[in-house]
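> So the sequences go chain by chain: U and P. Under the numbering used here, think of the first position of the first sequence as 186, with each following residue one higher. Under the numbering used here, think of the first position of the second sequence as 2, with each following residue one higher.
Everything labelled a hint here was simulated from the structure, so no lab data went into it. Careful, some of the hints might be misleading.
[Unchecked claim] DSSO-like cross-link-like pairs, simulated, lysine-lysine; straight-line CA separation at most 30 Å: (1) U:K456 <-> P:K153; (2) P:K159 <-> P:K12; (3) U:K283 <-> P:K146; (4) U:K297 <-> U:K323; (5) P:K17 <-> U:K291; (6) P:K101 <-> P:K50; (7) P:K6 <-> P:K101; (8) P:K127 <-> U:K466; (9) P:K101 <-> P:K10; (10) P:K111 <-> P:K132; (11) U:K291 <-> P:K101; (12) P:K159 <-> U:K288; (13) P:K132 <-> U:K456; (14) P:K134 <-> P:K101; (15) U:K288 <-> P:K132; (16) P:K134 <-> U:K288; (17) P:K12 <-> U:K187; (18) U:K212 <-> U:K323; (19) U:K291 <-> P:K111; (20) U:K473 <-> U:K297; (21) P:K101 <-> P:K127; (22) P:K17 <-> P:K153; (23) U:K273 <-> P:K25; (24) U:K280 <-> P:K50; (25) P:K45 <-> U:K280.
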Amino acid sequence: MKYAFFPGCLAPVMGRQFELSARKVAKSLGLQLIDSEDFACCGFPIKSVDQETALLLAARNLSVAESLGLDICTICTGCGSTLAEASKELMHNDKLRKTVNEKLQKIGRTYKGNVRVKHFVRILYEDVGPEKIESQVKKRLEGLKLASHYGCHYLKPSEVFDKFEDPEFPRTLDELISVLGAETVEYEDKTECCGGVILDVDDKTALAMAQKKLDHINAVGADAMVLMCPLCGSMYDRNQRVIERRFDGAYNLPVLFYPQVLGLALGIDPKGLGLEMNRVKTSDLLAKLRV
Amino acid sequence: MAITKLDPKFKDEVTKVPGGQNIKRCFQCGTCNVGCPVREIEEKYNPRKIIRMAILGMRERVLSSDFIWLCSACYTCQERCPQDVRIPEVMNALKNLAVKEGYIHSSFAKRMELIGTQGRLFPISKFDNTKRKELGLPEIPPENKEVQELFKLAGLDKLSTTEGGE
Chain U
186 MKYAFFPGCL APVMGRQFEL SARKVAKSLG LQLIDSEDFA CCGFPIKSVD QETALLLAAR
246 NLSVAESLGL DICTICTGCG STLAEASKEL MHNDKLRKTV NEKLQKIGRT YKGNVRVKHF
306 VRILYEDVGP EKIESQVKKR LEGLKLASHY GCHYLKPSEV FDKFEDPEFP RTLDELISVL
366 GAETVEYEDK TECCGGVILD VDDKTALAMA QKKLDHINAV GADAMVLMCP LCGSMYDRNQ
426 RVIERRFDGA YNLPVLFYPQ VLGLALGIDP KGLGLEMNRV KTSDLLAKLR V
Chain P
2 MAITKLDPKF KDEVTKVPGG QNIKRCFQCG TCNVGCPVRE IEEKYNPRKI IRMAILGMRE
62 RVLSSDFIWL CSACYTCQER CPQDVRIPEV MNALKNLAVK EGYIHSSFAK RMELIGTQGR
122 LFPISKFDNT KRKELGLPEI PPENKEVQEL FKLAGLDKLS TTEGGE
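With the rest of the complex left out, here is chain U:
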């Protein structure tokens, strides 16, 4: 199990705890992540402006991984879907690949079409597997009630992901939480979007979208929310105080990235999982687990 590691642009700046914990649990589970200084923007943020250049940015990253002879592992779901979509299009459409290569050659690159792209959590599910993860658990997370949030681009567009998940009733993250001994809770509109993509377009609407989910999770009483995208993380964790102030709410809901939760169960020291970097304090949660 060896992948080119694509950290994306948000996690390294505003979700270091996600990147850190992903690397820690990968090491612990025998998943090798290879870095490259040549990775840059995945293309997603500029699809709205110029889709052709967005595809070129994606293809450029695919060519970086191809030169390493590796498939790509992303931790951002947005990067994951954008690169997976480009990989699929360029694998099956020879004419498109030719056009893209004519442009890539101007920056000294080519892409032959051989790279596949998976999100970190999908790799945990498919390559490592819930059974193996369960067998590695050193500290079962008994008594914890966790609310999963998948993030749109882990699921959709489903055709990009070979339909490995059901976009309406997803299960892989819940399964990966359950094998750690924690209880997963269901809540209203579980697959609803965090709003992060339009935060810089209309912050009022975006924050109201995030607030709705916090309300729904609050209603069922979870100890924490568990997610796997740095943008979702920034909406629910980094912006939770902003949401509380704007909408006069009180949530105090810890928001953990799945590798942080997994790391706790694997017996990794919480300090090595960056839990102190989470905005909403996780101390009560750790006290409950007695770690």
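With chain U's structure known, arrange chain P on it following the hints.
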């Protein structure tokens, strides 16, 4: 709006932009609106209506609007659309056309500037790399020459920044 202001060929123009191919399949069922998480909060974003306006030929009204920039790209509508209109992709096609007309939303002009110069949406500062080093994370280069070059080749390094009209 006067009928003379309509451009009946606009829908064909949209079908020629990547992502816009299926716009004419829309039969206005409204499934997109029902599941749209943005619309639930902000009624100004109405994907069914935007598509109807585009098919009717309300070219300027659609391209100069700020509502086309509100899609959060969650793809819920795309999964559920019975006609495979691929609504988020249609929105991308409309926004791509809007940019060509000089209507780029200010937040996207900012995005383009950041990515075009640094190769990433969230720039890496020296402080970030120091923090990363302390955590044992690899340093990240603060710019990417190849992305700069691709932006120049596409003419994206000098985008006009006219604001949307509505």
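> Taking the earlier hints as the rules, which of them does this structure contradict?
Violated hints: 1, 4, 14, 15, 16, 17, 20, 21, 24 and 25; rest satisfied.
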